[in-house]
Every structure is written in structure tokens, then in C-alpha cells.
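Colleague: Read off the chains here:
Number of protein chains: 4
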Amino acid sequence: MTSNNPDSWLIHSLIVHFGDTDAAGVIHFHNLFRWCHEAWEKSLIKYGLNPKDLFPHYQNNKHLPKIFLPIIHCEADFKSAIYTGDNLNIVLSPKAINEFCFQIETKFIKENNLAAIGLIRHLSIDAKTRQKCLLPETIVRWIESSSINKIHKPV
Amino acid sequence: MTSNNPDSWLIHSLIVHFGDTDAAGVIHFHNLFRWCHEAWEKSLIKYGLNPKDLFPHYQNNKHLPKIFLPIIHCEADFKSAIYTGDNLNIVLSPKAINEFCFQIETKFIKENNLAAIGLIRHLSIDAKTRQKCLLPETIVRWIESSSINKIHKPV
Amino acid sequence: MTSNNPDSWLIHSLIVHFGDTDAAGVIHFHNLFRWCHEAWEKSLIKYGLNPKDLFPHYQNNKHLPKIFLPIIHCEADFKSAIYTGDNLNIVLSPKAINEFCFQIETKFIKENNLAAIGLIRHLSIDAKTRQKCLLPETIVRWIESSSINKIHKPV
Amino acid sequence: MTSNNPDSWLIHSLIVHFGDTDAAGVIHFHNLFRWCHEAWEKSLIKYGLNPKDLFPHYQNNKHLPKIFLPIIHCEADFKSAIYTGDNLNIVLSPKAINEFCFQIETKFIKENNLAAIGLIRHLSIDAKTRQKCLLPETIVRWIESSSINKIHKPV
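Chains as they are written, first to last, in our numbering: chain Y, 82 to 236; chain E, 82 to 236; chain W, 82 to 236; chain S, 82 to 236.
Looking at chain Y on its own, in the form it has when it is part of the complex (with noise of 0.2 Å):
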């Protein structure tokens, strides 16, 4: 762990790149859940995780995590328009659900205003049997720690 200080793992900031939008001129919508999974890794790096004891990847079929992560439901709200160049601060709140389930919301501000909110929902599930199981040990751990000492702020 980087930090006893939340707010150093769940705080990114991004400035927002030219092939995230479209001919409207400002971002096509659902580049948010990329910048909302992206950040999440982040977050998870920053706190002392290692995303490949995490995401599968298959290296010669070895290192396989044992439990899966699937997005199971997802939303965003766009409040105002986000341009090329512009300075985003990024703010996760992770909250578990249940013991199987969890949902970090990500919001997004430009200029102390908050431009876009996105929200994801994962459920844990065995890698082999594809069934509901136990979050893992480390992502419950990144949850509780989350919500200590964290400085809310009011956006």
C-alpha cells in the first residue's frame, strides 16, 4: 500500500484526448466507462495491487485469477459537455453491495463542476464454475480501506 490516504488512490485527474470525441465535438459517450474501468485499475495499482493477479490474461494459460469480475450493470449521467484538452478531475467511490457484489461510482469534474458521473457494478463469480462467490480478499480490502479517513468533498 502506496498510502494511508484514500484520497491518493481514488483521486486521478485526465486530460481528455482528441480520439475520445466525435463529430458533435465533444466526447462520444461511452468513452466515460473506459476513463471510469482505466481509473479503477489505477486505483487499484496505487493501492498496492497488481492488475494481473486481478484480470485474466492468459499468459500461456498459466496465471489465471481464480475468481472473476464481470460488469453486471453499468450507468452514466453527462451534466455539461467535455471538450479535447480539458482538465478532468476524477473522483471513485467504491461501496460494497453485498458479500458477492460491488460498485465503484466515478465522478468527473471540469472546472470544480461536476461534468459526467458513471457507475459500475461487478459480481464476483469462480473462474471455473462461473457461479456466484465471495468477492476476493484483496478487493475487500481496497473497499474497506476506501472508506477510511476519506475526505469527502462536497461536488
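Same chains, same names: a pair is fine if it fits in one copy or spans any two.
Quick list of in silico lysine-lysine cross-link-like pairs, DSS-like style, CA-CA up to 27 Å:
hint : residue 1 : residue 2
1    : K160      : K133
2    : K209      : K160
3    : K213      : K147
4    : K213      : K160
5    : K133      : K191
6    : K176      : K191
7    : K160      : K176
8    : K147      : K160
9    : K176      : K127
10   : K213      : K191
11   : K160      : K188
12   : K127      : K147
13   : K123      : K147
Hints in this document: simulated from the structure, not taken from any laboratory.
Go by the hints and put chains E, W and S onto chain Y.
Modeller: Relative to the frame of chain Y, chains E, W and S by itself:
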């Protein structure tokens, strides 16, 4: 308009491409929204509308539509794994929310089971002022025609 | 095999989607490679092959193909702007490089002019050892059939 | 300009995200071009340029750059498999082709080996007439500065 039967413009099919998957072996979640948007465009074309009249394309800065239809909300539920090569039936259900806003629910059906469902909500704004405005006539007509005589499939 | 005429599996069409554009109002360049790959998959299916036999899909870790076909090189030339709603004709030209390697050149034609051209080169490797191996029989047959009786279009 | 050392704006790093992979367990090929373009944007920003001055963003149809930089050619070679969680070093080598055209070669290095290499070639065109024009001053300066005192890494 190519037909008086909404099924002809509201029901499509898709064979899942390899590039839409991730290393867990199933579709990477947010590609579903790309499918939703593409199915909507396909529907408008089949109904008889021209995407060049509806979407900005900046061809020499001419042909700009007067109205933009930004997405203000989207969500998806994933019910079962979707693999490369799967045959999906796609069923669109458009609905006006009010005179400024409409949504399209898109069901993805695999072997008679609902594999996933997406929903996209659009707001109508004036391209110049970026203020809320009445939905374009053509979209209103497409939504109304879509709910006439529609044979509801019990999925 | 659905037909003895390679044109039936080597020539497709595409109406450009809004989501493939960027804020310059034209397609964002690398989406062309997605189109190339999808056109190739479509071609294999039309020829009579099953994508589930050719591409890994890890359904319960069964049905893994014995051979992977990773891409070792790709390139594209962009000749003229491609906009949302454009009708494109897609013409595939497969070619064996040697017994381990093949490529597919894909032309994108807009109103009888070459708008863009993509090329993807695949190597055949053993899924277990990850070593170079002979191209799968089915791919060899698809390439050979594709060059028989092909009516070459003067584009 | 943030530094006189081109390495500070030409060398970046990246941890590979899960969403960039496909069902073969490695990165899906064309995502490499997204990485190339994003690394280029990052380089321009680190050098001191504002992406809003270089890329179209149509904010209320104002702030349109006078020059567009469409991609006329791109290519990539893939040398070894790239997995989720891999740490990549990214090294950019910009080069003017002539007064209208420049290219950026981007090397992706994994554990001191070249894993992949991408190349993107841009043409400079007048945003209004869409005719070939001189490269923007800022881009010329970025290319020139990039070749001064550059420590060439022997990869």
C-alpha cells in the same frame, strides 16, 4: 419509409466480432453501447431518414444539423456472457420522455434469452445556442411510427 | 460454402456510423482497422466458416482453437475524408505470404473512388507453445478459393 | 516549454489496461494506434502546447484551429505479446517529411525489448479550403526541439 411494419426497422441482428471481446473471453462491457447506437442509426436509415441530416459531419462546415441530440444518460444490464461468433437479435423500443427528450431501450437476445439490455436517453438542443429545444420532426415521427402496430415480443 | 463466387464473400458494404468519427468531423483513423477485421470475420462466415472455430472464446475454457492468428503488421492509407452516413464498398484481397503467414488488403471505396486502404498481416502460431506453425487448413482454403475466378474490379 | 531536454516530453510510460485486450488474452492490435496518438498529445502538452489550439473542438463553433492535421498513413509492427498490467516505456521520434507533412514513430518497450512500434504520418491542411498547407509553426518547433540533444536509446 421502407415499410409500414416497425419490426422492419426496429429489429436487427448481429454476429459478435472478436474485437469486441476482452481477455476474460467475453464482450468488453461498454461495446454494448456502441452496438446500441449503431442499431439506432441502422433503424433511422431503414425507416427512411438520412444520417447526414441528423448527425453533425462538418463537410466543409456545411450541412450542419440545426439540432444536436446529445446523450444525457445511458445504462446497461448484462444478464449472460456474450462470446465471439454469437448470433444476437437486437430489438429497439424508442419512447418520448417529453417534448425535448427521448430514449431508446435496446434488447440483445441470444437463443431466445435476454443476454443484455441497453438504454440511451437523448436531449434535443439547438446547435447554436446549445439550449434545450423541441425534438426534430423526423425523430418524433420515427418514435410515433415505431409504437404503431408493433408486435410486442414476449422477451 | 455459400457460393462459388468469391465476390459474394469478399465484397461487403458499410454505412459509416457517427461513433466512428472524431471532432474533425471525419472518421477517427484507427477505426478503419476495426472495419478491416470485422469485414474479414464477415467474409469467413459468408464463406462458410464458424468464427467460434477460428477465434479464442474461452467458453468455460473449452472450445479453444489450437492455432492463434496474431497480427504482426498492419498499415493504412487514407486518401479522402470519410463522413458519418457515407456508403462504403469494402473489397477484400487475401494473400498467403508463406505457409505460416497471410495478409488481407481491404479497400474502402466511396462513390467509385478509393477512400482508404488497410492491410493486416497475420502469423499462425500454436496456441500452446506460441511457436510459428502451419496456417489452419480452413484459412488456406479460404485464401485459395478467394483467388479463383475473382473478377478484379479496376479501382 | 517545461524543459530543454526532449526526453522529458518524448518518453512516457503506460500500464496496459484490461479493456485494451481481446479474447486471445493480449492487446487488441489497433489499440496501439490509440496509444500512439495519446502519447503524441501528451508530448505536445508536456512541451508546452495547448491541445485546444491544435485539435478541433467546436466549442460553440468558436476556437476552430485554422489548420487540420489529418492522418494520411499509419502502420504498426507487433514483436511480442502485450498483456494487461504490463509496464511499457513509450519513446516518440518525430520527423518532418517535408514542409506539409510529418510523422511520429512510437516505440513500445517492455522489459528492455521492443514489443511494438507504431508510425503515424500527418498532412497539414487548411481547415477551410481543405488544401495542403505549411505545417503549423508550433508543430515545426516541437519537431525541431525534439531532435536537439536527444539521447538516442539503443533499442
